[in-house]
Each structure stands twice: as structure tokens, then as C-alpha cells.
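Please model the entire structure based on the sequences and the hints provided.
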Amino acid sequence: MVYCYNKPFSINVWGWCPGIFGNIRKRVRIRSICHNPESVAVMKFPKAILWAASLTMFQATALADTVKIGFITTLTTPAAVIGEDMQNAVNLAVSHLGGKMAGKDIEVIFEDDGFKPEIGKQKADKLVKKDDVDFVTGFIWSHVLLASSKTVLDSGKFLISSNAGPSQLAGKNCHANFFSTSWQNDQTPMAMGEVLNQDGLKSIYVMAPNYAAGKDMVAGVESVFKGEVVGKDLTKWGKDRQLDFSAELAKAKASGAQALFVFYPGSAGGAFITQYQQAGLKDVLPLYTVFTVDSLSLPKLQSTNTEGVLGSKSTMFWGPDLDNPVNRKFVEDFRAVHGNYPSFYAAQSYDTIMLINSAVTATGGDLEDRDALRAALKKADYDSVRGRYSYGNNHMPIQNFYLREVVADDDGNWTTRIVRTVFENHQDPYAAECPN
Amino acid sequence: MDWQLLISQLLNGLQLGMLLFLLAAGLTLIFGIMDFINLSHGSFYMIGAFVCATLVERTGSLIASVVIAVVIVFGVGLLVERFVARKLYAHDHLDQVLVTFGLILIFDTLAHLIWGAAGMTIPLPAWLNGQIDIAGVIIPGYRVLIISAGLAVVVGLFFLVTRSRLGMLIRAGASNRTMVTALGVNIDRLYLVVFALGAALAGFAGMLIAPITEASIGMGNEIIIVAFVVVIVGGIGSIKGAFVSAILIGFIDTLGRSYLDDLLSLFLATRYAETAAPALSAMTIYILMASVLAFRPQGLFPPASSMR
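Protein chains in written order, with the working numbering: chain C, 1 to 436; chain X, 1001 to 1308.
Some hints could be false.
[What the hints assert, rightly or not] Going by beta-carbon spacing under 10 Å, a handful of chain X positions derived as facing chain C:
| # | residue |
| --- | --- |
| 1 | A1090 |
| 2 | L1094 |
| 3 | D1095 |
| 4 | V1097 |
| 5 | L1124 |
| 6 | W1127 |
| 7 | R1143 |
| 8 | S1216 |
| 9 | G1218 |
| 10 | E1274 |
| 11 | T1275 |
Please keep in mind that the hints were generated in silico from the structure rather than gathered at the bench. The beta-carbon is built from N, C-alpha and C at its ideal position, and this holds for glycine as well.
Below you can see the structure in the form of C-alpha cells.
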């Protein structure tokens, strides 16, 4: 029987015979059996696999020779479309790095949170205790990140958010080992509030899902917008989320607002825009969105010819057309493999891997020296797809925000185009509450 | 009071009620006649939406796709009854819940494998994509179509249940199953038809909603709980009860979402009303169910001489 229970060892089955173990999941499973020699499942495993696994014992390498990254995202439920985009970007980043950071192999373990905070926390537990990863990353959803953060941070590991930016972690619950490659939730809607002011609007109607990020988005736009918020709807969210917005759209129209501000991430965004068009609101209530119109929803909207979305405005820290060498390469290579434009989720996930690479390279591959790693992470010394940015005391990016509008590109594909810079080097409003 | 808004909200409520009825009609018959709890009823809703979206993509015709997709979902219903459900009628409810929950997972994963995680949209033809102006109330044309299609099914079901031989057997089965068997009716075939009919109705509901919300994995699981509430409020096994309670719940849910924050802000600070309203409006239908269960546990319109 295979015994590789000693902590400093790990098996490199993948490296040994990639033809059989074509993906990371299989590799993890075999290793888990390795950790539990009494497991009944071992008996059921084909002998060939056991044989391969025991052979690789001779190849067993010290743990410190791999950089282990746990990546928690949503890979089931309709939100899997976001998770898959992030996964694609992480894999692209790993291949751009040639599979190595400072000479060490990169191992990424993807976990599915099922769109549920409690599952996300379980997966974080597993990554920290069983897989003993060096970095826990990913997290689309603020409520999942909040549920998982304590587990990760208490263990002394680094937690890097590739999307969610809840106000709690930016403010008084900020942590030395927490970093973000995205934004604090309030920042993007604050930029949108500024755009609404610049467009001279006096009244808006606000719609968002009823969860941590939805509330942050609403708070963000309200804090900057100088006009009146004449109505607000927070709709049901989660696994049994509300996708039929007929009642809310009727209210918005009757409210007499000059514009509609919404936040509906993932596939809910597509459903919202479809209904916005069907209700004939394009000329009545111009649409201003954050994280709703993206490269995941646009191809589908184009396929149903939902022209209501063309010209709609959104704010973002990045865009596929942002002109810098790293971004050009990222967008080009991503499109070469997957066809569609990468989403902002993909951009942030790509940056997560590149940020880790910059820190691991700076410490010369030393993963034990946490202080050196932390200091290196904090420098953000790498070329991000958004260009250079810096970290504030709460480790949230201080970065530019742009106004984007939906246009057709030269090939006729619908995408977003950056119109102008709204905020330069913007810091989130919660940084002051962070004691660090 | 904004009357135009109220009318358009009532129409929205009616539309939701129609969808709920299409789901609940099959569920209540399967529950009432076979005494079978089918959690996976929502999967037919999802399958209907995906199959229809695929057909629209291939053929380009919405109406033809709907007709073919209904037949396909009917076929899926036949298969599920014959090979899964039939073996479970004799088991207790817990077994049925476990197996049909397993079916949900299987159908969701199959849908993920076949159609991917992204979900599918159904483009509407131009004549359905506009808005209709009814005495100053402007509502999307497609929503009117949902209401009319729902009403047409209601009328069809009414005639089927009250005027046809099959309907007579269905009613007899819902009120006294043992007696129907004792009278020599081929109960297996009755069950098969009722189950597949229920599946087809759920599938049809999925096709109707897909152009609005997209076909997505697990879309049925979101609505099936509400459909169960409809069945319980209406009285298990009662088509009439399902219809009345579906419309009732459609109204309560829609009006709760539209007016609860205004109502609460009459006696709460706006800030608190804004927070409490979404939570409370998500609860209204369950409050209704709890009250019905407390004061009239057999439901609003239980089938005549029900044995339960």
C-alpha cells in the first residue's frame, strides 16, 4: 500500500504520466488516497493507477518545490459560466508563465463553491487543512468570501480575492494577509455615480440583488450621485434568485426617474437586459450598469439581437481594449483559444496568478518567509492587464476607473469600448477604517 | 395611487400565476392521484426550456419548436414514469423525495454536459418583441402571450378533466384511488398518461419563460418550491385549487414586491423599510401557506370526498 502521509512529501503523478492524468482533479484524488491509506476507495482503484502512484513515490519531491494555489469559484449552477471564464484565465496565466514560478512548479487546485457561502467555507477548509496550499484565491461572491475569509486568514495563509471586494474586508476587518486583484465593491459604482453627475442627471432608479455586494453597489452609487434616488429595489438572490423583473421594471418606469442604474452579475445580467428591451425602456430610461454588461452576456444578447444594450454605459477598472502590451497579449491569446473576449473576471484572475508570481519571484521562491512574501505582494510589482497600480493600507488596489460603452467591434462583435477616465488612482472609502 | 402601475402589476401577477399553474397542475395530479412526491418536476421545466431553445436555434421557428418540444418532454415524462417513478409508488414519501432529488442532480448535470453552463436564450420574433398599449397601460407583448397561452391551457385542461373519459378517471383517481383500481381501470396506463401530461405542462411553462429569463441549469429548482406551495394552498389533487391558488400567489408575490416598501415606509423609517421589504416580500407566500395549513389544512379546494 502507498504511504505518503509525511507532510513534506507530495506526489507528482501529473508530471509522471500526463497522458493518463490529464487534469488536476484526478491528481488531487490520487493524492488524497495517498493521505488515507486505510481508505476503502483504494481497493476499488485499478491496479495500474496504484502502481503508477507508488512508482511516483520515488519521484516524491519536497512540498516546497511547488507553489500551491487554491482557487475557489463557481463551477456548477448557471454562475459556472463566470467560474469557467476565470478558470480559463488562470490556466492561460499558468501557461504564459511556462508552468513555473521562480523555478517551482505551479499547482492550481480549483474548487467549486456551488454559489453557496457554506460550501465555499468547506472548500476553503479543505484547501487550508488537507491540501496545505500557499495561497487561497478566487471568490466571485462577496458572501462566499466573507464566510471563507476567517478560515484562511486564521491559518496564516494568504487570501487573494480575484473578484469579490466586500466593504467589511476593506474596512475594520482588513487583514495583513488579505489582498485583492479586483476592486472594493463600492469603487466601480462610485465611478458610475460620478458619470451620472457628469451626464447632468437629476433622478435615478436603482436595482440590485439583495446580498452583500448588491448593498455595497447601491451604497457606492448613492454616496457620489448628487441627484435623487427616486426608487430602489433589492431583489432575491442566491440559488433561488429572482430572474423575472416585470414588477420592478414597471415600478421603475412609473417612478419618472431619468435613468436606471443596475447591478446584475452573471447570467442574471442577460436576463435583465432582455426584459429591459422587451419592456421598451431604451428610450424612456437610459441604462447605466456595473458588472452587468460584460463579455459573457454580450455574445448572447447579440445572438438574440437585443439592441437595447448598445450604447449602454458602464464603469470598470479595465476593458478588453485597454491599450498596454500585457493586456493586448492577454486578450489576443484568450480569444485565440476561447473565441470570445475575456471578461473582467478573467482579467482579475489572470492578474491574481501574475501577482503571486511577482511575489514568489521576489523572494526567490521562498514560500516560508511570509513577511517577505507579504511585502512583495504589497508592492504589486508586476505589469497588470490594467497597467500599473498600487496597494493601499487595506491591500485594495488604488487604480483608475473608466467609462465604457457597448459598441460593435470591427468584426461586428458586440463589446465594450473605453470612452474616458472617470477616476484616476482611486482609493476605496473604507481604507480609513482599516487599522493596518 | 398610480392606476396604470397597479394594472400593469396585476397583469404581471397574472402572468406569474399562469406559469405557476402550468407547473402546479401536473404536480398536484401526480401528488393527488399517485401519492407521489416528485421533486424533479422542475427538471421537466428546465428540459422544456433547453429543448425548445435548441430547436429554435436549428429551425428558426418558435411555434414549431414549442410544439415539437412539448412532444419531446411528454416522451421524457413517459420514460421517467415507466423506469423510475413506477417503482416508487409503493414506497414511502422519504424514498420518493430521495430518488427524485437524485433525479434533479442527474438532469442538472446532463443539462450541463449537453448545453454547457452558459444557458441558452430564445430570440423572440419581431411581432412578439414589441409592447402592447391597453388603455394607456403599456406592457411587453410577450407577457400578454404568456397570459393567453396559460388561459388556453386552463380551458383545455378544464374540458379534459370535466368532459372526457380520461378526465373522469383522473378525478376519480384523485378522490379515491383504491376504488378506481378495484373497478378494473388500467391504473398503470392512467398513471403513465397523467405523469407525462404533467411533465409536458411543466415543460411548456419552461418554454414560455425562457425568452424572458433564458434557459439555465437548475431553473426548475428555483420555482418548484413555489409550485409546491401552490399545490398545498390549493388542496392536493385539485386542478381548480391549483388554478385559484396559483393566481392568488402570483398576485401576492408581485404586489408584495411592488408595494411592500411603500406600505412599510408608512410606519417605518425609509432606511429600515428598504431593508425589511425585500426580506418580507420573499416571505409573503410562505406566510400564506402557513395560515392555510393552520386554518384549513386540507387546502382551499380539496378534491371531493378525498380519502386524505
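Each hint, compared with the structure:
no. : hint  : in the structure
1   : A1090 : 32 Å, violated
2   : L1094 : 23 Å, violated
3   : D1095 : 25 Å, violated
4   : V1097 : 18 Å, violated
5   : L1124 : 8 Å, holds
6   : W1127 : 13 Å, violated
7   : R1143 : 7 Å, holds
8   : S1216 : 4 Å, holds
9   : G1218 : 6 Å, holds
10  : E1274 : 6 Å, holds
11  : T1275 : 8 Å, holds
Of the numbered hints given earlier, the model fails hints 1, 2, 3, 4 and 6; all others are met.
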